[in-house]
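Here's the letter readout for the chains.
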Amino acid sequence: MFRRLLSLLCLLPLAAFAQAPSLQDVLQTQQDAVEKASRKTVDQVLAALVDAQAPGTLEFIEAWGDKRVWMRKDDKLFFYVVTDDNQTYTLLDLATRDPAGTADKRALKQLKPNSGVRSVLASYLVQFQLSDPDPARRADALTAIERAPDESHYAPLQASVADEGDATLRARKERLVRLLAVQYAPDPATRIAAIESFAGDLGVDARSVLNPILASTPVLDAPDGANIARALKPGDDLDIDTAFDLALAADKVAPIPSVAERKAALEANITDGTVGGVRLDLLNTQEGRDRAYAALSHAGTVPDWQPGLTKAAAIADLTFTEVYAEPDPAITDAAAATLASINRAVGLNQMLDLSLDALSLASIYFLAAIGLAITFGVMGVINMAHGEFIMMGAYTGYVIQQIIPDYTVSILVAVPVAFAVTFAAGVAMERLVIRWLYNRPLETLLATFGISIALQQLAKNIFGTQARPLTSPGWLDGAWVLNDVVSISYIRIAIFVLSLIFLALLLFILNRTRLGLEVRAVTQNPRMAASMGINPDRINMLTFGLGSGIAGIAGVAIGLYAKVTSELGADYIVQSFMTVVVGGVGNIWGTLLGAGLVGSLQKGIEWFNPSNTLAAQTYMILFIILFIQIRPRGIIALKGRAAGD
Amino acid sequence: MQKSFLARNPSVLIFIGCLAAFTLAVTLLSEATGATFISTSFVKTLGKTLCLCLIAIAMDLVWGYCGILSLGHFAFFGLGGYMIGMWLMYERTKTIVTNSLENATLPPTADEVRDAIGTQIFGVVGGAEIPPIWLFADSLFAQLALVVLVPGLLALVFGWLAFRSRVTGVYLSILTQAMTLALSLYLFQNDSGLRGNNGLSGLQNIPGLSHISQATLSIWFFWASAVALALGYLLAVFVTNGKFGSVIRGIRDDEARVRFLGYNVEGYKLVVFTGTAVIAAIAGALYYPQAGIINPAEIAPIASIYLAVWVAIGGRGRIYGAVIGAAFVSLLSSWFTGGGAPDVPLGFYTIKWTDWWLVLLGLSFVAVTLFAPQGIGGLIDKLVRKS
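Same order as they appear, the protein sequences are chains A and B.
The first sequence begins at 1 in the working numbering and counts up one residue at a time.
The second sequence begins at 1 in the working numbering and counts up one residue at a time.
Treat the hints as calculated values from the structure; they're not laboratory data.
Accuracy of the hints is not assured; some may be wrong.
[Said to hold, decoys possible] Below, in silico cross-link-like pairs of lysine-lysine (DSS-like), each with a Cα-Cα straight-line distance of 25 Å or less:
{"id": "1", "chain 1": "B", "residue 1": "Lys352", "chain 2": "A", "residue 2": "Lys460"}
{"id": "2", "chain 1": "A", "residue 1": "Lys105", "chain 2": "A", "residue 2": "Lys67"}
{"id": "3", "chain 1": "A", "residue 1": "Lys263", "chain 2": "B", "residue 2": "Lys94"}
{"id": "4", "chain 1": "A", "residue 1": "Lys109", "chain 2": "A", "residue 2": "Lys73"}
{"id": "5", "chain 1": "A", "residue 1": "Lys112", "chain 2": "A", "residue 2": "Lys36"}
{"id": "6", "chain 1": "A", "residue 1": "Lys460", "chain 2": "A", "residue 2": "Lys563"}
Whenever a hint applies, use it, and build me the whole structure from the sequences.
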């Protein structure tokens with residue numbers, strides 16, 4: 001097939017000058033096979049066409065696949081057609097495209113090759129499209145080969161590389177040649193070179209051509225000269241049942257009836273309330289049944305069975321080996337070495353990907369927890385309604401999107417509005433509830449919890465129980481793809497940037513402004529601060545508002561990638577507490593470290609057991625409980641008098 | 001001469017008298033005795049409420065008297081329920097399986113029965129093997145012992161770790177909340193061996209007592225719950241009245257000072273924490289056969305917070321306050337959420353209490369914390385002192 005193709009390729013320009021039978025003549029020799037084309041006959045038609053090298057062959061193959069070839073029913077000749085009214089068709093000659101008369105629709109039959117035939121035709125044509133002057137068609141051809149590579153593509157693809165002018169396409173072609181060479185190159189040296197060229201390559205395509213080379217099957221008593229992967233030990237490397245079935249197929253062992261089969265045999269041989277001389281009511285133990293079966297097999301009524309002979313014992317003396325389908329050991333060795341290097345590279349990149357994931361999770365936790373940490377640090381108050389402030393921020397974003405349809409503008413508006421709304425809610429809560437409960441931290445915890453359930457139910461009553469979407473603007477869609485392994489969505493990058501901005505902003509407020517100075521003073525010693533002329537009430541109110549406001553912004557950020565529900569905040573509150581407790585209260589750096597630890601821990605555990613996020617959360621909480629044992633006041637603990645209470 | 005225990009604590013007699021009268025009244029009015037005033041399901045609700053009162057006593061001991069705001073006591077309650085539920089479910093499935101295998105051609109072997117039970121119970125989570133933790137599930141006495149041992153041990157280990165490293169105050173509350181969250185997340189997994197989020201069901205059917213009607217059974221459990229509550233009350237009053245009670249109240253008020261006086265604060269806390277965990281577990285073991293089903297959602301952190309809410313509304317630091325709070329709030333809650341309360345039409349909007357009950361509860365909880373920190377019990381105290 002190859003050679004024929006190549007000759008077709010070379011002779012195409014000459015075909016016009018050659019004295020040859022016309023395309024129609026060639027087709028008529030294969031009339032039946034063209035009219036009723038099937039996967040089996042299409043190769044034969046193509047072979048005839050290639051042999052004849054009639055002008056217009058390529059166009060015909062393309063038109064045939066596109067169902068543009070029609071047949072006149074009375075003389076069974078093939079034509080292209082054009083029509084104005086779908087009633088009367090003008091017939092066009094296949095070679096010259098000159099009109100060759102008209103015909104009524106009923107006198108014609110459209111050739112509709114099935115999908116199997118069409119795919120053979122398409123893969124045939126791909127090889128010519130590789131040299132098509134139109135770059136788009138060349139790219140299409142490459143895509144087609146990538147999707148379904150075939151041995152027939154290798155030579156024409158290789159031939160087309162040298163003339164490729166487009167640099168991008170040329171790179172693609174070269175890569176594709178190497179991919180095809182792995183499997184289809186005629187000599188082993190080229191294959192090995194191609195295989196080794198993929199060392200450390202991260203592409204999924206490289207792995208998908210290398211893995212089949214290492215495909216292997218377990219066999220009993222490998223034949224001489226087989227490419228042996230390794231010896232197999234039944235029970236360790238090989239399933240006992242599989243091994244036994246192999247031995248059974250090779251007649252090396254006698255079948256061993258299973259418990260269920262023996263039971264069925266007993267049931268089939270009940271005579272007068274006994275089986276093999278054993279009374280039925282004694283068959284309620286395995287020993288009784290074994291006795292009855294032994295009696296039956298002794299009498300020859302059922303297949304032989306030795307008590308105590310297990311499948312593992314029966315195949316103990318047999319040797320099993322794993323044999324590669326690929327006969328050449330040099331190639332399998334090269335593939336194994338290359339795959340090992342690929343796996344190392346993939347592993348490293350997965351680590352990188354995981355670290356990016358952990359970083360983005362950590363920035364979410366940081367955003368969610370920093371408000372909590374501030375209020376806890378300054379006022380010693382645990383705000384159980386913090387999660388509901390996050391939810392409130394997310395719903396604010398949702399409402400604003402209902403008013404402003406442009407997603408970019410609405411997000412830009414939503415961030416400050418969410419801050420304002422939750423700031424106001426926080427100040428109101430501080431004024432109305434929390435300031436009456438200072439020095440009673442446990443009761444503050446419960447009172448804020450009461451507010452939390454009320455707010456949550458209120459949100460449910462207003463917005464319903466179904467999730468509301470908070471759509472991100474178009475420029476945040478998609479992901480930043482580094483390679484086939486490492487990628488991170490733009491939303492996560494945006495959240496990361498947002499949390500960096502907040503980190504900087506809070507550090508600035510706390511360390512460089514009058515408010516920050518006063519906040520730190522009240523944190524360290526409220527009474528002393530008060531005697532220095534600072535109004536602790538005002539500071540408390542502002543701090544609480546600030547913490548709540550940041551929760552609102554965190555809500556907008558979280559709502560962008562998670563659905564907005566009334567339980568949104570509750571989902572994050574425990575992680576936020578963990579972050580604060582692990583990091584240590586009243587310190588931004590502590591919260592940052594806590595968020596980093598909790599985030600990377602969660603991702604790390606998920607990596608070990610990706611199918612089970614529940615288990616990951618369980619283990620993370622257990623770890624944190626143990627962590628508290630080592631550092632009861634968090635990573636960065638307050639020193640001095642403030643730590644004493 | 002010192003006055004007798006009862007004379008010093010007149011509330012005990014009043015409480016037990018009220019409880020006895022209530023039990024008697026419910027029994028006489030229930031379907032079990034032929035009357036139709038109280039339906040079987042309502043008897044179960046009342047019985048469950050008594051169990052909730054018992055765990056509220058435990059919560060009051062640990063929080064109201066010892067100052068440890070545990071947000072994890074419902075984990076022990078749930079574990080107790082799971083332990084008894086394993087026996088109930090295993091034995092009942094065994095009966096069903098034995099009956100269905102009775103007509104098989106060959107009499108079933110013990111292994112076959114076990115396999116069939118495994119398929120029956122764990123088929124729903126895609127398993128057929130009976131996990132090792134069900135080893136004692138066929139023995140009532142072993143599971144009854146586990147009702148006490150498993151939550152007790154968990155509380156002991158957790159408490160030891162927490163108190164040893166001097167985790168106090170809100171940190172401890174958060175930590176206990178994390179514990180119950182971890183436990184419920186763990187139980188939500190299908191391979192936890194306790195049927196994942198399906199939980200254990202059919203617990204209202206007591207193996208071996210299938211000939212007795214649910215009406216009668218409900219009264220039996222009601223009595224058992226009442227007796228447990230009375231004993232729990234007596235124990236709580238007895239413990240809090242002695243020297244032990246004084247020490248733990250001291251710990252609540254000023255932990256450092258008690259430590260300087262030479263008391264082993266961590267030891268006292270550990271005893272209270274573990275003891276109340278065991279009481280909670282017993283309450284759970286009585287509760288879930290009446291509820292009929294237990295699943296991991298029952299021990300989600302929110303449940304333990306509600307427990308704190310009941311005790312706070314009832315009034316901390318007085319045993320009867322906890323009982324009143326639990327009974328009052330949980331019955332009120334089922335009245336509101338069950339659609340018992342009439343809707344309030346406002347013309348432009350109708351307040352449906354099934355939707356608004358939680359808002360009301362949350363706000364009234366804030367109000368109680370702010371304006372009546374002593375809860376309902378505090379009001380009663382004021383009335384008693386005035387008269």
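Now the hints, each set against the structure:
no.	hint	in the structure
1	B:Lys352 x A:Lys460	holds (13 Å)
2	A:Lys105 x A:Lys67	holds (15 Å)
3	A:Lys263 x B:Lys94	holds (22 Å)
4	A:Lys109 x A:Lys73	holds (7 Å)
5	A:Lys112 x A:Lys36	holds (9 Å)
6	A:Lys460 x A:Lys563	holds (14 Å)
Checked against the numbered hints above, the structure violates none of them.
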